[in-house]
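Undergrad: Here is what each chain is made of, one letter per residue.
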Amino acid sequence: MTDLTKLTLTEARDAIAKKKVSAVELTEAHLKAIEAGNGALNVYVLPTPEHALEQAKASDARIAKGDAGELEGLPLGIKDLFCTEGIRTTACSNILDDFKPRYESTVTQNLWNAGAVMLGKLNNDEFAMGSSNETSAFGPAVNPWRREGKEDKLVPGGSSGGSSAAVAANLCLAATATDTGGSIRQPAALTGTVGIKPTYGRCSRWGIVAFASSLDQAGPIARTVEDAALMLKVMAGHDPKDSTSVDAPVPDYAAALKDGVKGLRVGVPKEYRINGMSEEAAKLWDQGIEWLKTAGATIHDISLPHTKYALPAYYIIAPAEASSNLARYDGVRYGMRKPGKDLIDTYEETRSQGFGAEVKRRVLIGTYVLSAGYYDAYYLKAQKVRTLIKGDFDKAWDDVDVVLTPTTPSPAFAFGEKSGDPLQMYLEDIFTVTVNMAGLPGISVPAGLSSEGTPLGLQLIGKPFDEATLLRAAKTIEDAAGHFHVPQIWWS
Amino acid sequence: MHVDEATVRRIARLARIKITDDEAKGLEGELSAILDWVEQLSEVDTDKVEPMTRVVPISLKQREDVVTDGEKADEIVANAPMSEDDFFVVPKVVE
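Those protein sequences? They're chains C and Y, same order as listed. So the first sequence is numbered by the working numbering: it starts at 792 and just counts up by one. So the second sequence is numbered by the working numbering: it starts at 1064 and just counts up by one.
There may be inaccurate statements among the hints.
[What the hints assert, rightly or not] Okay, derived cross-link-like pairs now, DSS-like style, lysine-lysine, Cα gap no bigger than 30 Å in a straight line: (1) Y/K1135 - C/K1186; (2) C/K811 - Y/K1124; (3) C/K1151 - Y/K1111; (4) C/K891 - Y/K1155; (5) C/K1074 - C/K1181; (6) Y/K1135 - C/K891; (7) C/K1254 - Y/K1155; (8) Y/K1088 - C/K1186; (9) C/K1254 - C/K1084; (10) C/K1129 - Y/K1111; (11) Y/K1081 - C/K1181; (12) C/K1209 - Y/K1124; (13) C/K1186 - C/K1099; (14) C/K1151 - C/K1061; (15) C/K1061 - C/K810; (16) Y/K1081 - C/K1032; (17) Y/K1111 - C/K1132; (18) Y/K1124 - C/K810; (19) C/K891 - Y/K1088; (20) C/K1049 - C/K1032; (21) Y/K1124 - C/K1129; (22) C/K1254 - Y/K1135; (23) C/K1132 - Y/K1124; (24) C/K1099 - C/K1084; (25) C/K1151 - Y/K1135; (26) Y/K1135 - C/K1181; (27) C/K1061 - Y/K1111.
[What the hints assert, rightly or not] Estimated spans, in silico, between C-beta atoms of each pair: (28) C/I1090 - Y/P1120: 36 to 44 Å; (29) C/K1061 - Y/W1100: 19 to 27 Å; (30) Y/D1110 - C/E1070: 51 to 59 Å; (31) Y/D1110 - C/A808: 38 to 46 Å; (32) C/S1283 - Y/T1131: 31 to 39 Å; (33) C/S1034 - Y/R1073: 48 to 56 Å; (34) Y/A1087 - C/H1091: 23 to 31 Å; (35) Y/K1088 - C/Q1215: 29 to 37 Å; (36) C/P1130 - Y/R1073: 39 to 47 Å; (37) C/P1130 - Y/A1069: 55 to 63 Å; (38) Y/T1131 - C/L1171: 30 to 38 Å; (39) C/L844 - Y/T1083: 21 to 29 Å; (40) Y/H1065 - C/K1053: 28 to 36 Å.
Quick caveat, the hints were computed from the structure, so don't treat them as lab data. Every residue, glycine too, gets a C-beta built ideally from N, C-alpha and C.
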């Protein structure tokens, strides 16, 4: 085997099962790729090579004993929002400083129980607040894709930009990610990778640094739909430590992929044809409709009338919940402390120096909308709008099984292009945020290239806990569109 | 909704974030723009709509009311910037 990092997760699993490659060989190949590429791509904020090799050796020992798990010996990247026991976890914020959790998040523990290997902690927007990875305290991860004939650095999307870029650049076989308003699907779309945000409650939130608790959900970013299915099956499941995690059986997602989409009812919502959608994104959307039709699905025009209110409602609910969640960073119990003249001053100095500009902006918005006299006008109003958004989908499910939309209005942009204007950056999530508001599963699958030669994705939205159908439909698009690989390795 | 500088300072105080004069001025514009933009929600008639309280209709699980964790003060203070004998140490609050 020439380049082990080019394998898909599924191929690597099979190679390990057939003893064509060892967990240590697979891990060493990835560690070498990280050493060569991380300087330019900045995807890992903390590579953990020694830990990875230890885990890989333990994997090989289990394989020798015939005791292999579902992801035995497969090297993964972990978003720095997941707490990892004894290994620095920062949410890419200065305020967490050198925080070393004394516990392991449930989702990552599920991966280690299945035999997976951790290559390191991946870059993300600070506290997952951003759509370009530019708010990370470690500086942004860089998209391995570049515009044809150009050398400008492009954003990998956000907040899971380290995850998406690392998967696209073959610096891990797959990665964990989290999605509050689009943070799995938008970066997947911008890097030609597959990202699935499962139904709220499918994966435990325990041990994941909280942003907006009623919206946060973990999921994988991978190179193929089958790989994403394999990852999700291991990550998902009920956890008594998260009261919102759902006690429902987790199906074998990969096994369901072969069923195809014959007879599947696909909804196309008219409200997503917005001004500002690039012509190529619109064209690709039509192409996606054709692909699904050719494979035997039926297409239905549907209406989701409250779509346009999802983003403004999100920018009340998410900051409100964030302002509560981030109250814990006070310089007393963990993370950094900047001493002031008294206790209050210490809080204020610590939070002033520990939080970046976007986090401060959102905490302040959240504090404002929750402050005395404003709760009903903002938060309660937004939660009512959320009921209406969910109602739109509930009605749609009478007629369709999945909904097809573009993932983003346009392809990857350059650094600095949108970071000056918060509102313009927020619009990156316009097609993804409704899914979080309604708690539904959503997947982004690469579907084509823009005129600039950069990837574009299509999004499928499914019924609650029907990730299996979503993955099936995504596989149909993947089969028709093919895979998209970065044309030139410029980073090592 | 226009947020003036005094309101920005009051909110920052509530959020326990110290802001500079320059930051206060910048935030005045940014917060006003964001609040203006979310104002479009007032177009939506929500008079007879219940607020969403959960995304999936499941009832929360209950468990026995017993202690399942604890006796690890040393682990709890392990990441504290300052601790003494398993206590968090903060600046003096009572004169």
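Undergrad: Against each hint, give a clear statement of whether it holds in the structure.
TA: Verification of the supplied hints:
1. Y/K1135 - C/K1186: This hinted pair is violated, its Cα atoms lying about 50 Å apart.
2. C/K811 - Y/K1124: The given pair, whose Cα atoms are some 46 Å apart, is violated under the 30 Å limit.
3. C/K1151 - Y/K1111: Distance ~35 Å between C/K1151 and Y/K1111 Cα, so the pair is violated.
4. C/K891 - Y/K1155: This hinted pair holds, its Cα atoms lying about 27 Å apart.
5. C/K1074 - C/K1181: Within the cut-off at roughly 28 Å; holds.
6. Y/K1135 - C/K891: Holds, at roughly 16 Å.
7. C/K1254 - Y/K1155: 54 Å, violated
8. Y/K1088 - C/K1186: Judged against 30 Å, a Cα distance of about 45 Å means the pair is violated.
9. C/K1254 - C/K1084: 20 Å, holds
10. C/K1129 - Y/K1111: With Cα atoms ~48 Å apart, C/K1129 and Y/K1111 exceed 30 Å; violated.
11. Y/K1081 - C/K1181: 38 Å, violated
12. C/K1209 - Y/K1124: 44 Å, violated
13. C/K1186 - C/K1099: It holds: about 17 Å lies between the C-alpha atoms, which stays within 30 Å.
14. C/K1151 - C/K1061: Status violated; Cα separation ~36 Å.
15. C/K1061 - C/K810: 51 Å, violated
16. Y/K1081 - C/K1032: Violated - the C-alpha atoms of C/K1032 and Y/K1081 are around 35 Å apart, more than 30 Å.
17. Y/K1111 - C/K1132: With Cα atoms ~50 Å apart, Y/K1111 and C/K1132 exceed 30 Å; violated.
18. Y/K1124 - C/K810: Given pair Y/K1124, C/K810 is violated - Cα atoms ~44 Å apart, limit 30 Å.
19. C/K891 - Y/K1088: Violated - the C-alpha atoms of Y/K1088 and C/K891 are around 37 Å apart, more than 30 Å.
20. C/K1049 - C/K1032: Status violated; Cα separation ~34 Å.
21. Y/K1124 - C/K1129: 41 Å, violated
22. C/K1254 - Y/K1135: 42 Å, violated
23. C/K1132 - Y/K1124: 45 Å, violated
24. C/K1099 - C/K1084: Judged against 30 Å, a Cα distance of about 27 Å means the pair holds.
25. C/K1151 - Y/K1135: Given pair C/K1151, Y/K1135 is violated - Cα atoms ~33 Å apart, limit 30 Å.
26. Y/K1135 - C/K1181: 43 Å, violated
27. C/K1061 - Y/K1111: 26 Å, holds
28. C/I1090 - Y/P1120: 36 to 44 Å: Since the Cβ atoms of C/I1090 and Y/P1120 sit about 30 Å apart, the hinted range of 36 to 44 Å is violated.
29. C/K1061 - Y/W1100: 19 to 27 Å: 23 Å, holds
30. Y/D1110 - C/E1070: 51 to 59 Å: With a Cβ separation near 40 Å, Y/D1110 and C/E1070 fall outside 51 to 59 Å, so the hint is violated.
31. Y/D1110 - C/A808: 38 to 46 Å: 60 Å, violated
32. C/S1283 - Y/T1131: 31 to 39 Å: Check failed, 48 Å falls outside 31 to 39 Å.
33. C/S1034 - Y/R1073: 48 to 56 Å: Check failed, 35 Å falls outside 48 to 56 Å.
34. Y/A1087 - C/H1091: 23 to 31 Å: For Y/A1087 and C/H1091 the Cβ distance comes to about 51 Å; the hint is violated.
35. Y/K1088 - C/Q1215: 29 to 37 Å: Check failed, 21 Å falls outside 29 to 37 Å.
36. C/P1130 - Y/R1073: 39 to 47 Å: For C/P1130 and Y/R1073 the Cβ distance comes to about 25 Å; the hint is violated.
37. C/P1130 - Y/A1069: 55 to 63 Å: 28 Å, violated
38. Y/T1131 - C/L1171: 30 to 38 Å: 35 Å, holds
39. C/L844 - Y/T1083: 21 to 29 Å: 46 Å, violated
40. Y/H1065 - C/K1053: 28 to 36 Å: 56 Å, violated
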